[in-house]
Structures are given as C-alpha cells and as structure tokens.
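There are 2 protein chains.
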Amino acid sequence: MQTIFFENKPRIVATGTVAGPKECAGVVGNFVDRTLDDDTFGESTYEKAECKMLSYAISKAIENAKLKESDIDMLISGDLLNQIISASFAARDFDFPFLGVYSACSTMSESMALAGALVNAGYFRRVVAATGSHFSSAERQYRYPLELGNTRPPQSQWTVTGAGGCVIADKGSDIAITSATFGKVVDFGITDVNNMGAAMSPSAAHSILAHFKDTGRTADDYDLIVTGDLGALGSRILKDLLWEKGVDIQKNHVDCGEIIYNVIEDEFQGGSGAGCSAVVFHSYIMDKIKKRELNRVLFCATGALLSTVSSGQGESIPGICHAVAIENL
Amino acid sequence: MQTIFFENKPRIVATGTVAGPKECAGVVGNFVDRTLDDDTFGESTYEKAECKMLSYAISKAIENAKLKESDIDMLISGDLLNQIISASFAARDFDFPFLGVYSACSTMSESMALAGALVNAGYFRRVVAATGSHFSSAERQYRYPLELGNTRPPQSQWTVTGAGGCVIADKGSDIAITSATFGKVVDFGITDVNNMGAAMSPSAAHSILAHFKDTGRTADDYDLIVTGDLGALGSRILKDLLWEKGVDIQKNHVDCGEIIYNVIEDEFQGGSGAGCSAVVFHSYIMDKIKKRELNRVLFCATGALLSTVSSGQGESIPGICHAVAIENL
Chain L
0 MQTIFFENKP
10 RIVATGTVAG
20 PKECAGVVGN
30 FVDRTLDDDT
40 FGESTYEKAE
50 CKMLSYAISK
60 AIENAKLKES
70 DIDMLISGDL
80 LNQIISASFA
90 ARDFDFPFLG
100 VYSACSTMSE
110 SMALAGALVN
120 AGYFRRVVAA
130 TGSHFSSAER
140 QYRYPLELGN
150 TRPPQSQWTV
160 TGAGGCVIAD
170 KGSDIAITSA
180 TFGKVVDFGI
190 TDVNNMGAAM
200 SPSAAHSILA
210 HFKDTGRTAD
220 DYDLIVTGDL
230 GALGSRILKD
240 LLWEKGVDIQ
250 KNHVDCGEII
260 YNVIEDEFQG
270 GSGAGCSAVV
280 FHSYIMDKIK
290 KRELNRVLFC
300 ATGALLSTVS
310 SGQGESIPGI
320 CHAVAIENL
Chain F
0 MQTIFFENKP
10 RIVATGTVAG
20 PKECAGVVGN
30 FVDRTLDDDT
40 FGESTYEKAE
50 CKMLSYAISK
60 AIENAKLKES
70 DIDMLISGDL
80 LNQIISASFA
90 ARDFDFPFLG
100 VYSACSTMSE
110 SMALAGALVN
120 AGYFRRVVAA
130 TGSHFSSAER
140 QYRYPLELGN
150 TRPPQSQWTV
160 TGAGGCVIAD
170 KGSDIAITSA
180 TFGKVVDFGI
190 TDVNNMGAAM
200 SPSAAHSILA
210 HFKDTGRTAD
220 DYDLIVTGDL
230 GALGSRILKD
240 LLWEKGVDIQ
250 KNHVDCGEII
260 YNVIEDEFQG
270 GSGAGCSAVV
280 FHSYIMDKIK
290 KRELNRVLFC
300 ATGALLSTVS
310 SGQGESIPGI
320 CHAVAIENL
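Residue numbers (numbering that gives the first Met the number 0), protein chains in the order written: chain L, 0 to 328; chain F, 0 to 328.
Hints should not be assumed to be uniformly reliable.
Derived CB-CB ranges, DEER-like [stated by the list, open to error]:
no.: 1; chain 1: L; residue 1: D92; chain 2: F; residue 2: G311; range: 19 to 29 Å
no.: 2; chain 1: F; residue 1: D92; chain 2: L; residue 2: L147; range: 30 to 40 Å
no.: 3; chain 1: L; residue 1: T150; chain 2: F; residue 2: G311; range: 25 to 35 Å
no.: 4; chain 1: F; residue 1: K287; chain 2: L; residue 2: N7; range: 24 to 34 Å
no.: 5; chain 1: F; residue 1: G313; chain 2: L; residue 2: N261; range: 54 to 64 Å
no.: 6; chain 1: F; residue 1: D213; chain 2: L; residue 2: L328; range: 54 to 64 Å
no.: 7; chain 1: F; residue 1: T214; chain 2: L; residue 2: E68; range: 17 to 27 Å
no.: 8; chain 1: F; residue 1: K289; chain 2: L; residue 2: N149; range: 36 to 46 Å
no.: 9; chain 1: F; residue 1: K250; chain 2: L; residue 2: G121; range: 28 to 38 Å
With a Cα cut of at most 25 Å, we get these calculated BS3-like pairs of lysine-lysine [to be verified]:
no.: 10; chain 1: F; residue 1: K212; chain 2: L; residue 2: K67
no.: 11; chain 1: F; residue 1: K244; chain 2: L; residue 2: K212
no.: 12; chain 1: F; residue 1: K289; chain 2: F; residue 2: K250
no.: 13; chain 1: F; residue 1: K212; chain 2: F; residue 2: K170
no.: 14; chain 1: F; residue 1: K8; chain 2: F; residue 2: K244
no.: 15; chain 1: F; residue 1: K287; chain 2: F; residue 2: K21
If you only want the chain F side, here are some residues facing chain L, beta carbon under 8 Å, derived [said to hold, decoys possible]:
no.: 16; residue: L208
no.: 17; residue: F211
no.: 18; residue: T217
no.: 19; residue: L304
Calculated directly from the structure, the hints in this document are not laboratory data.
All values reported here derive from a predicted model rather than from experimental measurement.
Ideal Cβ positions, reconstructed from N, Cα and C, are used throughout, including at glycine.
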C-alpha cells in the first residue's frame with residue numbers, strides 16, 4: 000500500500016503564484032497572482048530571482064488565506080537548484096520551521112502530500128507547501144550557459160520560470176486533500192537528458208495505477224488527472240502505458256507542461272521544472288476547482304532523478320511521481 | 000510550537016551502518032556493521048561508492064530488524080550530492096516508496112522525525128530513515144579536486160565517508176522516538192565556507208532551546224544531547240550560546256563530528272557530512288542506548304544551507320537543526 004488516507008480532510012485554504020512573462024502569455028496568465036515584467040524580478044542573479052519568486056508565492060498564499068506569518072506552523076519546500084538553496088534561503092525569510100524536501104519536479108505534490116499528512120494527524124494546524132523553478136538558473140546548472148545559444152532538440156522541454164504554493168490547514172475552505180500516494184523510483188533506462196517526458200512517464204503510470212489499486216477508484220472517478228511536466232510527448236507515452244494496463248485517461252488527463260506554453264512539437268514538448276506544476280495547478284487548475292468546474296482531481300507531479308554528475312557517469316534517469324487526491328466537499 | 004509529540008511511541012527497531020577505514024580507526028570502528036577496506040567500495044566512482052554505502056545501510060537495517068524488503072512501507076532519505084542522487088539511486092534498489100528530503104547534514108534527524116511522525120499517525124507501519132556522505136565526492140563537489148592537494152584551514156572539518164540508517168516501526172523494540180522538534184533556518188551571517196561549525200551552532204542552540212520550551216524539559220532531563228557535526232569549535236560555540244541563555248550542557252553534550260576522529264585542533268575540527276551523525280548515532284550512540292547506559296537522548300543533527308553557487312554569489316551560510324528525542328521505555 001503506497002497510499003495514505005486523510006480522514007480529517009485537510010483543506011487547501013489558499014494559493015500564491017508568480018510566473019515570468021513567457022509563462023503568463025499562456026493559460027496561467029489570467030490566474031497567477033503576479034506576472035513578472037522580466038525574469039530577474041529585480042535581482043542581480045537568476046538564482047536570487049528564483050528564491051524571491053518562491054518567497055513571494057509563500058507570502059502571497061499566506062496573505063490570500065487571510066492569515067499572518069505567525070499563524071503558520073511549518074514550510075515544506077524544495078527546488079531544483081543544488082542543495083535546494085531557493086527553498087532554504089526563502090525559508091530564512093520566515094519565522095516558522097522548515098522541512099526541506101526534494102523529488103525534482105515532483106516536489107509540489109510531495110510537499111502537499113506531507114503537509115496533508117502532518118495536518119491530518121493533528122501535529123500542525125497550518126502548513127505551507129511551495130516550490131518553484133527558473134529557466135535561466137536551471138539551464139546553466141543542468142545544461143549550457145545561455146550565451147552559447149545551443150540548439151534545443153525537439154524532444155526537450157522548457158523550464159518554467161515561476162513559483163507556486165498553498166496553505167494547507169485543518170479548516171478554512173471546502174477543498175480537501177483526501178489521500179496521498181507516495182511514488183516508488185521507477186527506471187525504464189532512459190539516458191537522453193533532453194527527453195524528460197519519456198524518463199518520467201513510467202513513474203507517473205506506476206503511481207496512478209498504485210493509487211487506483213489502493214483506493215479502489217478508477218480513472219472515471221476523477222474529473223481530471225493532472226500530471227506535472229511530462230510535456231506533449233511524455234503525456235502521450237503515459238496514456239499509452241496506462242492504455243496497455245486497461246486504463247483509459249484520454250478524456251480526463253492534462254499535463255501542466257503540455258498546457259503552459261503553446262507547444263510546437265517539432266520545436267519542443269512544453270514546460271518542465273518544479274515550478275511548472277506548482278504554477279499551473281495552483282492558479283489555472285485550482286481556479287476551476289474553486290468554481291466547482293472540477294470537483295475531484297488527482298494531482299500527480301513527476302520528477303526526473305538525475306544530476307549532471309549522474310548522467311556524466313552513465314546513469315540512466317529514473318523517475319518518481321507522488322500523487323494527491325483533491326476534492327470539493 | 001516547533002515540537003510534535005508521538006503518543007504511540009514509534010520504535011527504532013534496528014540500525015545499519017557502514018564507514019570507511021579512516022572513520023573506523025576511531026570510536027565507531029567497533030560498532031559499525033561493516034568497515035570498508037578502501038573508500039571506493041569496489042565501485043568505479045566515489046559517487047557510486049556513496050550510493051552503495053547508503054543502499055548497504057538500508058539493507059542492513061532491514062536485515063538487522065529481521066524484516067524483509069516487502070515488510071517496509073517507505074524509505075525517507077537524502078544526501079549532500081546535487082539533486083540527492085545517492086538517495087534517489089539507492090531508492091531504485093528497493094521496491095517501496097521513496098520520500099526525498101534535504102536539510103544538508105541535518106538530514107538524519109529530519110528523516111527520523113518524519114518517519115516517527117508517519118508511523119505514529121498510523122499511516123505506515125515500518126519506515127526506513129537513512130543518509131550518508133563520502134569525503135571524496137563532497138570534496139570535489141563543494142571544494143577542490145583532490146589532486147590539487149589544497150591546504151585545509153584549521154577551522155575546517157573532514158566529510159565522513161559512511162552511511163547509516165534505521166528502521167522505525169510501530170513495535171519491535173523498547174527504544175522509542177517520543178517527540179521531534181523541527182528547526183527554523185537561522186542565519187548568523189557566517190560566510191566562511193570552511194567554518195561550518197560556526198555556521199551551524201546557532202541553529203543547534205535555537206532548536207535545543209525550542210525543544211526545552213515546547214516540552215518543558217531541561218538539559219538535565221537528558222542523559223546525552225548529541226549534535227550532528229559541529230566539530231570541536233562549533234561544539235564550544237554551541238555550549239557558549241546556550242550558557243548565555245542560562246542552559247548548561249557542559250556535562251551531557253557530545254558532538255558526532257568532534258568524537259568520530261582524533262581531532263587535532265590546529266589541523267581540523269573533526270568530522271562533518273550527513274554520514275557523520277548517521278554513522279556515529281546509529282552505531283556508537285545506539286549501542287549505549289541498547290545497553291541502557293543511556294536512557295534518554297536528544298539527537299540534533301545540524302545542517303549548513305549553502306551551495307557553491309550561493310557562496311559564490313556572496314550569500315551567508317544559514318543553518319538548520321532538527322531534533323528528535325529518543326528514549327528507553
């Protein structure tokens with residue numbers, strides 16, 4: 000059993016989101032709390048801009064929940080930078096305990112799953128879960144200096160510049176986290192660091208199937224199954240993998256990476272990065288949940304577990320996917 | 000309130016530890032499950048050796064608990080390498096869910112605190128918490144290539160080559176985790192990347208004081224207050240900081256970093272790294288708890304929150320310390 004159930008129904012009380020100009024040209028533009036004019040956010044480095052976005056998302060979620068900093072019991076966060084410095088330095092801005100987590104781009108759902116678990120158990124009343132990413136800090140850490148102007152292969156994705164978070168509390172809204180399925184590390188032997196969708200989609204399939212098995216639910220029980228950042232290609236692979244197992248998610252699946260940009264598949268597959276699902280879910284998707292256009296959503300952020308060192312040493316790229324079930328009561 | 004209480008008293012059922020030859024020349028030598036002949040552990044790279052040590056510690060803890068892999072519900076782990084690849088790749092070896100965490104060298108107590116929280120709440124029955132580090136992989140990631148043979152300043156510490164973990168379960172021993180205090184990020188403005196002890200000791204003081212305030216306990220209530228890897232200098236700073244607040248831990252404090260090697264203070268301050276407290280606590284200290292030479296211990300692993308990028312961009316080094324109370328029933 001990979002799933003735990005939240006009988007006390009911890010609530011998503013409010014969200015906070017910020018994204019860059021490229022991101023806000025698309026579907027999230029009308030729903031984020033703040034659109035950046037440029038991706039430096041007034042800072043001198045991309046890393047500091049990434050950290051500031053995360054701080055903003057945390058503060059804004061607290062403000063949108065009509066709470067004060069002193070009302071918050073804990074921050075759960077992580078990010079893609081080495082030693083999760085965005086999260087660690089953002090946490091320095093706040094006077095509450097910090098739990099650092101990392102599961103690459105699955106960090107948003109991992110944080111929400113843990114926050115739900117801690118609130119449901121009564122350990123804490125109000126926990127913030129948040130993450131983010133930045134195109135330029137990710138490019139230079141994982142790939143090449145931007146100045147090189149490298150050609151990107153068509154299977155690649157574009158790291159989202161943005162951050163998102165939410166306040167999860169014992170009460171305060173009708174939107175509850177009802178269960179969480181913790182993912183296993185799944186490795187299909189993909190070694191192409193430009194093809195994250197292929198690397199992550201088996202883990203998404205694995206966790207979605209585990210969720211259905213553990214809960215007795217089927218794909219039809221969800222209005223929407225939202226994956227993190229598989230991109231257009233990865234999303235198709237996921238649908239194929241599930242179809243082979245007799246599960247049809249053709250009609251009720253969207254991938255945050257596929258919808259955040261206007262994908263042109265012979266150029267790129269869409270968005271990626273921890274901030275991708277954080278921004279899309281906490282702005283665009285949550286808006287539809289609040290309006291009850293969606294009433295039961297399975298949110299499955301997906302992470303590719305690699306570093307420049309692991310790839311350089313010939314390791315493949317395993318994936319992981321943590322899933323949380325979110326429902327209007 | 001930074002502390003949560005575990006009424007159901009999750010137990011530390013068994014531990015697994017492995018360390019390198021330099022480490023095993025000291026106090027942990029008689030207590031680890033395995034002493035490596037050389038620090039490559041038969042692998043072609045230091046990173047693969049680090050990952051293999053972590054896998055070993057996880058497997059050995061399960062074996063020592065007289066359990067099978069299929070009895071385990073989850074692994075909680077993280078490490079110092081970029082994108083916690085040791086933990087992620089070690090998790091690939093096992094068929095249970097993986098929760099990636101990161102708080103630098105505080106990862107051991109963070110993992111145990113979370114494992115305790117999940118088991119106490121009844122979400123899972125048996126969770127493994129583990130971490131590790133490797134001198135050579137840390138040196139080349141954080142500092143300089145070993146081949147440079149750089150002189151080390153006297154305030155520096157030596158990253159421990161080793162890994163340790165434990166099985167935390169609903170029953171199976173008389174050693175319980177009774178509470179956990181989650182740390183805040185504390186920044187005293189230290190910028191010397193060689194002086195981790197000074198960077199981390201304020202966070203240790205902060206979490207220890209929070210633990211006493213939240214629990215109503217005093218230093219005298221503990222047979223031993225064990226910090227992670229402050230080293231000799233950091234340990235003295237901690238004692239001074241607490242003394243200023245009216246708390247005396249002169250008689251019942253040890254630091255894992257200070258005791259793992261034979262410290263010569265004009266050369267170096269002792270051990271560091273996530274593996275430092277993991278190995279010392281789960282071998283030497285746990286042996287004394289099992290023999291009831293120690294009956295109530297506060298384990299406070301400490302982490303320095305930095306990366307080569309954050310230091311290069313002029314950031315200071317904040318610290319964090321998560322504490323768990325461990326008691327013989």
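Hint check results:
no.: 1; hint: L:D92 x F:G311: 19 to 29 Å; result: holds (21 Å)
no.: 2; hint: F:D92 x L:L147: 30 to 40 Å; result: holds (37 Å)
no.: 3; hint: L:T150 x F:G311: 25 to 35 Å; result: holds (28 Å)
no.: 4; hint: F:K287 x L:N7: 24 to 34 Å; result: violated (39 Å)
no.: 5; hint: F:G313 x L:N261: 54 to 64 Å; result: violated (38 Å)
no.: 6; hint: F:D213 x L:L328: 54 to 64 Å; result: violated (32 Å)
no.: 7; hint: F:T214 x L:E68: 17 to 27 Å; result: holds (24 Å)
no.: 8; hint: F:K289 x L:N149: 36 to 46 Å; result: violated (56 Å)
no.: 9; hint: F:K250 x L:G121: 28 to 38 Å; result: holds (36 Å)
no.: 10; hint: F:K212 x L:K67; result: holds (22 Å)
no.: 11; hint: F:K244 x L:K212; result: violated (54 Å)
no.: 12; hint: F:K289 x F:K250; result: holds (21 Å)
no.: 13; hint: F:K212 x F:K170; result: violated (29 Å)
no.: 14; hint: F:K8 x F:K244; result: violated (31 Å)
no.: 15; hint: F:K287 x F:K21; result: holds (22 Å)
no.: 16; hint: L208; result: violated (14 Å)
no.: 17; hint: F211; result: violated (16 Å)
no.: 18; hint: T217; result: violated (22 Å)
no.: 19; hint: L304; result: holds (4 Å)
Checked against the numbered hints above, the structure breaks hints 4, 5, 6, 8, 11, 13, 14, 16, 17, 18 and satisfies the rest.
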